[in-house]
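Novice: Taken in sequence, the protein lines are chains A and B.
So in the numbering used here, spot 56 of the first sequence is number 508, and the numbers just go up one at a time.
So in the numbering used here, spot 120 of the second sequence is number 467, and the numbers just go up one at a time.
Keep in mind the hints are simulated off the structure, nothing from the lab.
We treat Cβ as the ideally placed atom computed from N, Cα and C, and that holds for glycine.
Do not take every clue at face value.
[Said to hold, decoys possible] Taking beta-carbon pairs under 7 Å as the criterion, some of the chain B residues facing chain A (in silico):
(1) P390
(2) N391
(3) G395
(4) L399
(5) N501
(6) G502
(7) T504
(8) E559
(9) V560
(10) N564
(11) T591
(12) G592
(13) Y595
[Unchecked claim] Listed below are the simulated SDA-like cross-link pairs for lysine to any residue, each with C-alpha atoms no more than 25 Å apart in a straight line:
(14) K522(A) / W494(B)
(15) K896(A) / H493(B)
(16) K796(A) / V879(A)
(17) K896(A) / W494(B)
(18) K896(A) / R609(A)
(19) K791(A) / P642(B)
(20) K549(A) / P390(B)
(21) K522(A) / K537(B)
(22) K537(B) / N356(B)
(23) K792(A) / P642(B)
(24) K549(A) / F651(B)
(25) K831(A) / P390(B)
(26) K522(A) / L644(B)
(27) K549(A) / L644(B)
(28) K549(A) / N639(B)
(29) K792(A) / L648(B)
(30) K896(A) / N492(B)
(31) K785(A) / W889(A)
(32) K537(B) / T354(B)
(33) K796(A) / V659(B)
(34) K792(A) / G658(B)
(35) K522(A) / Y388(B)
(36) K549(A) / G658(B)
[Claimed, not checked] Per label pair, the in silico range of CB-to-CB distance:
(37) G865(A) / I365(B): 56 to 64 Å
(38) Y388(B) / G855(A): 48 to 56 Å
(39) F534(B) / E898(A): 25 to 33 Å
Given next are the chains, with one letter for each unit.
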Amino acid sequence: MKNRKLLIITTVICLALIVTALPLLGACDNTEKTSTTTSPTTPVSVTAGPTTTTAPLKTSATPGSTETLKVGIMTPTTGIAAEKGVPLQDANLDCIKYINDELGGVNGYKIEVDWLDSNYNATQAVANVKKFMDDGCLFFTTSSSTEMGYVQEIANRAGFPGLVAYASPSNYHPPQHIYGQTPDYGDDWIGFTNYYLKNVWKGTGKPKMALMLLNNPTGAGAKNAAKALADTLGVEIVATEEHAATTVSEMESLTRVKALKPDVLYISSTPKPSAVIIKNAVELGMFPGVTIGVCHAAMVKSLIDLAGADVVEGVYGTFPTVMWTENVPGMAKMTEYVKKLHPKDEGNPDYIAAWAQSLIIAEILKKALDNVGYDVLAKGDAKAWEAIEKYGFQKLAGYDVGGLQGAVKYSAGDNRLTKFNRVYRIVNGLISSPSPWVEAPLVKYETFDWYGK
Amino acid sequence: MTLPCGTRNYNYAEDMAIVRTRTHWALLIVLLIIVFTGPLYLPNYWLGVFNLIGITLIAALGLNIMVGYCGQLSIGHAGFIAVGAYTSAILTNRLGMPFPVALISAGLVSGCIGIIFGLPSVRVKGFYLAITTIAAQFIILWIINHWGYTGGFNGITVPYASIGGLVFRSEASQFYLIIIITIICVFIAKNIVRTKIGRAFIAIRDNDLAAEVMGVNLLYYKLLAFFIGCFFAGIAGSLLAHYTGSLYGEQFSFTDSILYVAMIIIGGLGTTLGPILGVIFIRILQRVLAVNLVPFLESHLHMFPSGFASGVNPMFFGLILVLFLILEPRGLAHRWALFKSAYRLWPFSY
Chain A
453 MKNRKLLIIT TVICLALIVT ALPLLGACDN TEKTSTTTSP TTPVSVTAGP
503 TTTTAPLKTS ATPGSTETLK VGIMTPTTGI AAEKGVPLQD ANLDCIKYIN
553 DELGGVNGYK IEVDWLDSNY NATQAVANVK KFMDDGCLFF TTSSSTEMGY
603 VQEIANRAGF PGLVAYASPS NYHPPQHIYG QTPDYGDDWI GFTNYYLKNV
653 WKGTGKPKMA LMLLNNPTGA GAKNAAKALA DTLGVEIVAT EEHAATTVSE
703 MESLTRVKAL KPDVLYISST PKPSAVIIKN AVELGMFPGV TIGVCHAAMV
753 KSLIDLAGAD VVEGVYGTFP TVMWTENVPG MAKMTEYVKK LHPKDEGNPD
803 YIAAWAQSLI IAEILKKALD NVGYDVLAKG DAKAWEAIEK YGFQKLAGYD
853 VGGLQGAVKY SAGDNRLTKF NRVYRIVNGL ISSPSPWVEA PLVKYETFDW
903 YGK
Chain B
348 MTLPCGTRNY NYAEDMAIVR TRTHWALLIV LLIIVFTGPL YLPNYWLGVF
398 NLIGITLIAA LGLNIMVGYC GQLSIGHAGF IAVGAYTSAI LTNRLGMPFP
448 VALISAGLVS GCIGIIFGLP SVRVKGFYLA ITTIAAQFII LWIINHWGYT
498 GGFNGITVPY ASIGGLVFRS EASQFYLIII ITIICVFIAK NIVRTKIGRA
548 FIAIRDNDLA AEVMGVNLLY YKLLAFFIGC FFAGIAGSLL AHYTGSLYGE
598 QFSFTDSILY VAMIIIGGLG TTLGPILGVI FIRILQRVLA VNLVPFLESH
648 LHMFPSGFAS GVNPMFFGLI LVLFLILEPR GLAHRWALFK SAYRLWPFSY
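Isolated chain A (complex conformation) (with noise of 0.2 Å):
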């Protein structure tokens, strides 16, 4: 009786462990999932390697109501960078609705958004892109550098596209998978500090800067870039001190850095914090008298309605599109969206960079469906992906996002979208006198040794 139990025991824990091992053999079989679908039926072969496409072809087929393009949005709508996560997300809706309502979307496909809050966490985040690939995105968008940071080495792997708005270095340096929309925040320092020496500098010598870092990929573009140029552009950079996004003071950094006389202070954070530097530094009657710059992250209206306008006047910055009160020919048809969706969003430059990032979106999407056509993008898979990236991202050749952004533009070897940034001025609480655009060198921080380290 008992060797009988003991028999029929052992024989379920045989046959429990033979079920369970089958698609455990299966799944260690060191190829991606996803990678493994293909379609026999497809008119256009994609195979992998950059060697072995096959010539592109262009299908003819009608669109269906319901054959659309899958694209995944990500915005940090909630935590602690709400401020800017909420009008870019406003703004990547409102003209992915603008695109399917009056332009009837794609050739004649609608954008379908796969939108997600990535509440600026990483477990988000990374649940957030794993969604995106399950679902049959062609590509993903995220608005910050943080976010792009948290799941960029997923995407990579993948070979999942994305597109980032405000980007670090670090996000694409060395060039994968991953592109950005704007200049990086080392591009901005670059484009302020070469501004600063012409424009605004009168001194002699090497004037001091201290940088004034956000810690996390936001600071340490600018890091990056100062490391690496500084010498070579004549700056010398007297202080670097980092801070968190929850910063409530810096009194104490800015004390430190007030000791070493600088000409210059550089923020390279979020608006938030931004605003806690400026307004530190006015207490501490270091400014007026030093010239503050920021990037593009703080150089919005959040930034002045944190800190008061008459705190940030005269502080300059740099940011990759035009304002709100400039006359380019996309601005109408946003201007018109916005009032009537978003008034509260209006005269915010976040709102512009997303509006002008849904544009982009409907040209990669455009670009890959006259080269390969719906059918090879219909299915979402390992072989759309890089049909898109190979078809839509990098056949963009100077497309002029209604003049809203430089022009957007694929090079080998780089995978900045746009090269081109401006700097502004803070004057009676407005975002104004801008400069040209800058085009922003690129500067290959990979060949350092010391990047990553």
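Knowing the structure of chain A, use the given hints to seat chain B on it.
Specialist: Chain B in isolation, oriented as in the chain A frame:
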């Protein structure tokens, strides 16, 4: 432990067994089959969610040993997870060591760091000890952000986990790796608390002075609790590093540390089942709110401007946690125990 009516233990082995009846065995086997065949019917996204649940669970088990069993309040657990994650990243990326070595080293290094920050527990307890563990969180992250070997704010990439020639590349293979290590950790955690060590932990938690009078070495056992708890955190960190493939200091925030405490409180402090239920509850709730509720509200309530539902997410999350703590303060594990008791007596509930 209460046993079903008519079930008796006739020897010591039966009395000590974790799985006691045929029904237990059958349920366990069915559960294992469901879990291990998951990749056959779950999409990659859900496998990813369960991978994160597994990693979080390992960390929560460690925290439960420290807080739930030994009564040593720690609010710096994310920092200890970061130690494990970066140890594994440095060993595999910079020094080219194999993953199994990195995994164990991550646990050991994190455990040793835990001992250092656990030293104040000999003198202070409760909220005072919590403050020292908060300090641990910030000190650890400062070092990570400023030590060149960790990549600083540029982050560091981490290769796929691999054992021998077997590389855990796909979501399904990572699921198996994580789930097997999670099961081993649950088994170890369950058994630790049934040993002399576990009883000493409970004695210290209930009354440390009485425990000392009975001969329990407070220094040794409190530091042991920190070592074990942080060892688990290190293992979780290592798995997280190889799963996400890149690490930044910001991934291990103070908010996460608080969330880990919330998970074990919601699950039920001082039970092995508690962290399992708490972690599953919180992680699933987060995903349901972010992926289902918010987009649903956005697409169906057109009278509000787009973006309005994002604010609903944290409100719902907070509301559910508050209601939970009011209505079931002893945790989900207690609710499960009540259900089991009712089931065993059914239909004679008197």
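Novice: Decide, hint by hint, whether the structure agrees.
Specialist: Do the hints match the structure? See the list:
The interface hint given for P390(B) is met, as the beta carbon of that residue sits about 5 Å from the closest beta carbon of chain A, less than 7 Å. For the restraint placing N391(B) at the interface with chain A, the shortest Cβ-Cβ distance is roughly 5 Å, inside the 7 Å limit, so the hint holds. Using the Cβ-Cβ criterion of 7 Å, the hint placing G395(B) at the interface with chain A is satisfied: the shortest such distance is roughly 4 Å. With 7 Å as the threshold, the beta carbon of L399(B) comes within range of chain A, its nearest partner Cβ sitting at about 6 Å, so the hint holds.
Look at N501(B): its Cβ gets to within about 5 Å of chain A, closer than 7 Å, so that hint holds up. Taking 7 Å as the C-beta contact cut-off toward chain A, the hint placing G502(B) at the interface holds, the least distance being around 6 Å. Among the interface hints, the one on T504(B) holds; its C-beta lies about 6 Å from the nearest C-beta in chain A, closer than the 7 Å criterion. Interface restraint check for E559(B): the shortest CB-CB distance to chain A comes to about 40 Å, outside 7 Å, so the restraint is violated.
Because the beta carbon of V560(B) sits about 44 Å from the nearest beta carbon in chain A, more than 7 Å, this interface hint is broken. Interface restraint check for N564(B): the shortest CB-CB distance to chain A comes to about 38 Å, outside 7 Å, so the restraint is violated. Proximity of T591(B) to chain A holds as hinted, the smallest CB-CB distance being about 6 Å (cut-off 7 Å). At its closest, the beta carbon of G592(B) sits 3 Å from a beta carbon of chain A; the interface hint therefore holds under the 7 Å criterion.
The interface hint given for Y595(B) holds, since its Cβ lies 5 Å from the closest Cβ of chain A, which is under the 7 Å cut-off. Taking the CA atoms of K522(A) and W494(B), the gap is near 41 Å; set against the 25 Å cutoff, the hint is violated. Distance check on the hinted pair: K896(A) and H493(B) sit about 23 Å apart at the alpha-carbon level, within 25 Å; holds. Note on K796(A) and V879(A): the hinted pairing holds, with a Cα-Cα distance of about 21 Å set against a maximum of 25 Å.
This hinted pair checks out: K896(A) and W494(B) have alpha carbons roughly 23 Å apart, not beyond 25 Å. For the hint linking K896(A) to R609(A), the alpha-carbon distance of about 22 Å falls within 25 Å, and the restraint holds. Among the hinted pairs, K791(A) with P642(B) is consistent with the structure: their alpha-carbon atoms are about 23 Å apart, no more than 25 Å. Among the hinted pairs, K549(A) with P390(B) is inconsistent with the structure: their alpha-carbon atoms are about 29 Å apart, more than 25 Å.
Taking the CA atoms of K522(A) and K537(B), the gap is near 46 Å; set against the 25 Å cutoff, the hint is violated. In summary, the hint linking K537(B) to N356(B) is supported, as the alpha carbons are separated by about 20 Å, within the 25 Å threshold. A C-alpha spacing of about 21 Å is found between K792(A) and P642(B), which places the hinted pair at or below 25 Å, so the restraint holds. Our distance criterion of 25 Å between C-alpha atoms is met by K549(A) and F651(B), whose separation comes to about 15 Å.
Using a Cα cut-off of 25 Å, the hinted pair K831(A) and P390(B) holds, with the two alpha carbons roughly 15 Å apart. A threshold of 25 Å between alpha carbons decides the hint, and for K522(A) with L644(B) the separation of about 20 Å falls inside it, so the pair holds. The straight-line distance between the Cα atoms of K549(A) and L644(B) is roughly 17 Å, inside the 25 Å bound, and the hint therefore holds. Proximity of K549(A) to N639(B) is assessed by CA-CA distance (about 21 Å); at most 25 Å being required, the pair is judged to hold.
For the hint linking K792(A) to L648(B), the alpha-carbon distance of about 17 Å falls within 25 Å, and the restraint holds. Between K896(A) and N492(B), the direct Cα distance comes to roughly 23 Å. Compliance with the 25 Å bound is thereby established for this hinted pair. In summary, the hint linking K785(A) to W889(A) is supported, as the alpha carbons are separated by about 23 Å, within the 25 Å threshold. A hinted pair counts as satisfied when its Cα atoms are at most 25 Å apart, and K537(B) with T354(B) qualifies at roughly 22 Å.
Restraint check: the Cα-Cα separation between K796(A) and V659(B) comes to about 19 Å, which is no more than 25 Å; the hinted pair holds. With a CA separation close to 21 Å, the supplied pair K792(A) and G658(B) stays within the 25 Å bound. For the hint pairing K522(A) with Y388(B), the CA-to-CA distance comes to about 23 Å; that is within 25 Å, so the pair holds. Distance check on the hinted pair: K549(A) and G658(B) sit about 21 Å apart at the alpha-carbon level, within 25 Å; holds.
For G865(A) and I365(B), the hinted distance range of 56 to 64 Å is satisfied, since their beta carbons lie about 58 Å from each other. Our hint of 48 to 56 Å for Y388(B) and G855(A) holds, since their Cβ atoms are close to 51 Å apart. For the pair F534(B) and E898(A), the beta carbons lie near 44 Å from each other, so the given range of 25 to 33 Å is not met.
Hints 8, 9, 10, 14, 20, 21 and 39 from the list above are not met by this structure, while the remaining hints are.
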